[in-house]
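Given only the sequences and the hints, what does the whole structure look like? Please build it.
Chains A and B, in that order, are what the protein sequence lines are.
Counting in our numbering, the first sequence runs from 1 upward without gaps.
Counting in our numbering, the second sequence runs from 1 upward without gaps.
Bear in mind the hints are in silico, worked out from the structure with no lab data behind them.
Each hint should be verified, as a subset may be incorrect.
[To be verified] Label-pair ranges, simulated between beta-carbon atoms:
(1) E70(B) <-> M38(A): 16 to 26 Å
(2) E70(B) <-> G1173(A): 46 to 56 Å
(3) G37(A) <-> E70(B): 19 to 29 Å
(4) E70(B) <-> V1136(A): 56 to 66 Å
(5) E96(B) <-> A412(A): 50 to 60 Å
(6) L446(A) <-> E96(B): 47 to 57 Å
(7) E96(B) <-> M38(A): 32 to 42 Å
(8) E70(B) <-> R16(A): 16 to 26 Å
(9) E96(B) <-> R16(A): 35 to 45 Å
(10) R104(B) <-> L446(A): 54 to 64 Å
[Stated by the list, open to error] Below 20 Å or equal to it, Euclidean Cα-Cα: the simulated SDA-like pairs (lysine to any residue) are:
(11) K346(A) <-> T440(A)
(12) K317(A) <-> R135(A)
(13) K652(A) <-> E592(A)
(14) K58(A) <-> I30(B)
(15) K58(A) <-> T17(A)
(16) K660(A) <-> Q631(A)
(17) K149(A) <-> R285(A)
(18) K58(A) <-> R76(B)
(19) K86(A) <-> Q75(A)
(20) K32(A) <-> I30(B)
(21) K199(A) <-> E263(A)
(22) K32(A) <-> N45(B)
(23) K32(A) <-> M25(B)
(24) K58(A) <-> P51(B)
(25) K594(A) <-> Q668(A)
(26) K32(A) <-> Q35(B)
(27) K297(A) <-> G191(A)
(28) K212(A) <-> A281(A)
(29) K83(B) <-> V22(B)
(30) K1004(A) <-> V1146(A)
(31) K32(A) <-> R76(B)
(32) K1004(A) <-> F1127(A)
(33) K32(A) <-> S69(B)
(34) K806(A) <-> V855(A)
(35) K58(A) <-> N45(B)
(36) K32(A) <-> R33(B)
We treat Cβ as the ideally placed atom computed from N, Cα and C, and that holds for glycine.
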Amino acid sequence: MLRKLRSLIRRPELERTLDAEVRFHIDMETDKNVRGGMPRDQARRAAVAAFGNVGGVKDDVRDTWLVRSVETLIQDVRYGARTLLKAPGFTLVVILTMALGIGANTAIFSVVNGVLLKPLPYERGDELVVLRQQRTRGDADDGLGFSPKEMDDYRSQASTLSGMVEFHDMWFILLGRPEPERVQTGVVSAGFFHVLGVKPLLGRNFRDDDEKHGAPAVLILSFPYWQRSFGGDPNIVGQTFRMNDRPHTVVGVLPPIPQFPAEMDVYMPTSACPFRSNPRAIENRQFRLMRAFARTKPGVTPEQAASDLTVIAQRLKTAYPDAYPPADDFGVAVSALRQQLTQQFKPTLVVLLATAGFVLLIVCASVANLLVARLVRRNRELAVRAALGAGRTRLLRQLLTESTMLAVAGGAVGLLFAMLGLDLLVAFAERFTPRAAEITIDTPVLLFTLGMSVLTGLVFGAIPALGSRQDALATLRDGNGGRIASGKHAVRATLVVAQVAVSFMLLIGAGLMLRSLMALQSINPGFSVENILTMRIDLNFSKYTNQASRAAVINRLLERLETEPGVTSVAASASFPLNDDGGGFNGSFEIEGKPVPDGQPRPRANLNLASPDYFKTIGIPLRNGRLFTKQDHVESPGVVIVSERLARRYWKDEDPIDRKITFNRGQQWLTIVGVVADARNVLTEEAGDVIYGPILQTGQLSTTWLIRTAVDPATMTQQVRTALREIDPEQPVDRFRTLEQVRASALAPSRLTTSLIGIFAALALTITAIGIGGVVAFSVSERVQEFGVRMALGAQRGEVLRMVLKQGVGMVAIGIALGVVGALTLTQLIANLLFGIEPTDIPTFIVVSLVLFVVALVACFLPARRAASVDPLVALRTVCVLLCIGLGGATAGAQTPVPAEALEGLDPVLLTQGKEVAGQDKFAVVQGRLKYFFSSAETKAEFEKDPVRYAVQLEGTCARMGPGVAGNPNLYAVHDGRIYLLGSPTCKERFEAAPAKYFAPAPKALEATPVEAKAAREVLDRAAAAMGGLDRLTTYEERASRTIPAQGDMAEREMKTAFAWAVPHRLRMEMTFPDFGTVANVITDSDAFTALPKGVRSLEAPQVRDLMRQAFLHPLLLVRARESDRFRAVLRSPNVLDIQMLDGPVMTMRIDPSSGRPASVSYRGRGPEGDFGDVVITFSDYRDTGGVAVPFRRATTFNGEAVPSQSVTLQSADVDKPMDDARFKRPSS
Amino acid sequence: MADRSDLLQGTLDLLILRTLAVGPMHGWGISQRIQQISADVLRVNQGSLYPALSRLEQQGWIDAEWGVSENNRQARFYSLTKKGRRQLQEETANWERFAGAVARILEQT
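Now the structure itself:
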């Protein structure tokens, strides 16, 4: 190890040693060879050969050095950073995309971690269980509490529990502070916190003494209450407060822990609650008010505890048959506290987690796609590195290093996003679980993020990298990324299809949630929510100790408020619809004359109490009989009002008025005086059966109030508070909310979940749109050659655009189809989050499909338009055509004669000096088909002095692909102080990388002395004779087919060509594309045009020249052309001639000595990639055609490699066949 | 027939250690010696010899030092360390066990 560390420092020395050692070895081997009799230099060569690849061996040795692996990593990282910084746009897009995906997952994972994964912040929280008594018969599964007697029985008999404690909530009124304050109080066993395993933050826990009858009242404050009401006062312990009629001493403060079942302000022992400590309550086995918590003994599962407790329940049922009517079939249920804390949130959380996971999938696919594209562009670079000796693993490692760097950077930014969104998520989670406060970005979350970043980096890095199995040499040889690209394209298209499918599912999820929310919002709850202020008044139970005093104070408060200005009507009730108490009580009753036999469930209804104006205030109409009045008071006979639904259920068409019901088995009968309309208690549920009692008759401690106002109810709060203080200054009033707010908060969980899923779906849609656009842009740049040819041949731009869009639309359509299948399965999972809508809701599916389709189309359209540099109007029209498939065909893109704005508006004169300065409209000059902008009058003048120097070179054709491809006016490169246009981004990139190889070698005029010329002429004359007397030829026509190699997503295709020559000067060159129709280029003495299925356009000079040069590669034409004054030839050897035609390159023609016919022509020309190299066309398979020898096979090679797209095999040829003149005439459009 | 010189890495290590057990030697000498003693059956590929030497050196089984060769050239001489000697014994034992097992199998078939 020490050695390794040393070698890390001694790198230069190691290198010297290695060099010397290798040199020594070769010297020794050389000596040995010399001794064996070889001459010295041969001996050395043999020694080197025997050693093998010196660089490779050295590298293998270096690999064993530790310094090497560290260096390699540093090198990879530095190289990676450099390449990434060189493409800032790409890097930024990838990092942001990753950040969105990882951010979303980090955020959701922090919630999952805080709520579901973290252990409960109680000691050994997994042992804590919640107990519940259940009546399982009928519809009465209402989760009863326990009575003190039952608590005692279970606690003393359970063998599986190590502790069992009780809880119930109460309110007290805290006095002695500026405002009387209602304090939410948890009344608990002395051992409550001990069993939970919670130690107070300050002070002490409850002791058994505290619970003794008559013990001084003590309090433990909850952490939030301590913070909120006492500002975290560290001296709070020991302070005394008057609550109701007794002093209470603070003995402790709880740490911040999730409180179940609800957040309390303070806790006190059972002895301090006047109701719980009432001897009658203690003796009453049916006073089932308390919730029970327990800790199981170590190793006991909740199920084992449940069976233990069930045995006890059986025993109790036998012992006290009165308290457990057989009809109710009592039992005990046990569930883990951890589960109770989170069960409400889990379904939503699972859906969110899945959603975020899908977003990450899309992100990975998208980034992998971007990387594949980049890799194809980097093919040459990688091939060069491979050729220089980088091993495949090294290259793979480099690629993975880069992708991991990207992912980790994305993860870091994503973490930032997650942190920004955390508060929002906590607020969201609070609506579902008490554990929300535990959501933080802590170590497990950070590890999760890091792990996810690295993993996604490796995954999306590996997809393109593993797909790149290819021969580096092949890449270098043909300099072509296109051949590999067709394989890559399949990968990319697959990724896009997957993205579309997943986005579709997410959008469906979001769409269904949205529709569901809309359904919820449009529910008519059966009452009006406008202009109503609600509030809570929990009466002071130690002051208002009986029915009469409670009814009296309620009446006084009502009367006081009614006189208040701005108040239209006032009502007091036990509860009101949509209130979060779930609609108050539920109770069973009996109807006079309809006795229920024992063992049968009795009718049940929700019970509410109402003051006379309750129905008027909330807007529930009276259907029958009368409402309550002030005459329904404590002394008057008992009356009730029932809801319409209840009336219909029990009396059908009969009149329920004056019928009687009882809640206490006939001890007191209540007369039905009215029937009111139904109202929903919970938005998502149908209205239930309701029985209303008169609150002024029954009295009530815990009351809710509704105030209908003439003004904005939210502004009335202070006024109401002041008015009530006149009646009882010690009576707190709180929970002021408008009924609108109550309704909104009932919708809030649904709305929040919908927005979260909606945000994720929007994210997915955006990323997918970018992905589709990227793939289309890429394939466009791949196919630019093809488009260039088509457009040069006159294809309408709209047509090209449509072809491009078709590709994108195809991917989207497949993606949507898969998405539909996926969505039909997956939406079942969110079925229980939906309201009033089926998971297979057809309108949602249709709208989502349309949205995705349109977005995808726009995403395709942008790169397509840019690549084809199409007039936006034409493009828009094309989009419309695609949208109204079936109506199409009517709109072909019109050719606009308006000159194109060139060079992105930059001043060309300054551009040639390397400065990018925007030009102005007022200094614009139109030259040819382009419009140039100048930044000043001076540069404009400079330009006009020498337009040839400053305008785009090569007549605006693509500097890489040659005259056959039009340059894009806004894709330019400056080389050697001149501006060149390029046809595509790929062309621009390739050209800028090595401009020199795209320039034709300067044409040297072929000089021939008369003697040489004569000799050449003789050879050519002989060739003409050998070919059957070419000079007699009047017409020639051939038909052939050639293979167009696969490009982009296009498979390999056949293209049919026809070549007609009316000797000497008229040419017609036809190409028939299988999916496009026939294009003919015609060149005559007086005209040059392209005829298309849809019209004609003129050929420009460079195109004509290019076509003519192509035509003269035909041996018949070439030999026949020897008489032309633009033809020069020199004989180099008996069978080799140099020929120059039309000032083109010098071609070398070889004559087959045996037949005397041309065997081949070679010259410096453009290869399929646009760069210059050695082109050789070999003529073979000469066949006698009407007396003329025609080569049926013309094969082309470029730098020794076959070029199938430029090789021809004739199908037939005709000579001296009369030709219709019309074939060379411009058709009248 | 597959390439004879394609030695298993472990075998090459063993051969190097075995060769150096006689005394210090330079890389070229090691390759000649292995070829010699194996009667040209094993031809050590330099492509694997030098990386192997470097690896063994990193492991501390052999040491390297500059010295003067038989024909007065500067050469790097490798020698066995104590640790290398132990390793050689262990590997030899392993090899013999392995070779013995192979021989037995061959005899039985």
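Right, here's what the structure says about each hint:
no.	hint	verdict
1	E70(B) <-> M38(A): 16 to 26 Å	holds, 20 Å
2	E70(B) <-> G1173(A): 46 to 56 Å	holds, 53 Å
3	G37(A) <-> E70(B): 19 to 29 Å	holds, 20 Å
4	E70(B) <-> V1136(A): 56 to 66 Å	holds, 59 Å
5	E96(B) <-> A412(A): 50 to 60 Å	holds, 57 Å
6	L446(A) <-> E96(B): 47 to 57 Å	holds, 54 Å
7	E96(B) <-> M38(A): 32 to 42 Å	holds, 41 Å
8	E70(B) <-> R16(A): 16 to 26 Å	holds, 23 Å
9	E96(B) <-> R16(A): 35 to 45 Å	holds, 40 Å
10	R104(B) <-> L446(A): 54 to 64 Å	holds, 58 Å
11	K346(A) <-> T440(A)	holds, 18 Å
12	K317(A) <-> R135(A)	holds, 12 Å
13	K652(A) <-> E592(A)	holds, 16 Å
14	K58(A) <-> I30(B)	holds, 18 Å
15	K58(A) <-> T17(A)	holds, 11 Å
16	K660(A) <-> Q631(A)	holds, 19 Å
17	K149(A) <-> R285(A)	holds, 6 Å
18	K58(A) <-> R76(B)	holds, 16 Å
19	K86(A) <-> Q75(A)	holds, 16 Å
20	K32(A) <-> I30(B)	holds, 15 Å
21	K199(A) <-> E263(A)	holds, 17 Å
22	K32(A) <-> N45(B)	holds, 17 Å
23	K32(A) <-> M25(B)	holds, 17 Å
24	K58(A) <-> P51(B)	holds, 8 Å
25	K594(A) <-> Q668(A)	holds, 16 Å
26	K32(A) <-> Q35(B)	holds, 14 Å
27	K297(A) <-> G191(A)	holds, 16 Å
28	K212(A) <-> A281(A)	holds, 16 Å
29	K83(B) <-> V22(B)	holds, 16 Å
30	K1004(A) <-> V1146(A)	holds, 8 Å
31	K32(A) <-> R76(B)	holds, 18 Å
32	K1004(A) <-> F1127(A)	holds, 14 Å
33	K32(A) <-> S69(B)	holds, 14 Å
34	K806(A) <-> V855(A)	holds, 14 Å
35	K58(A) <-> N45(B)	holds, 13 Å
36	K32(A) <-> R33(B)	holds, 14 Å
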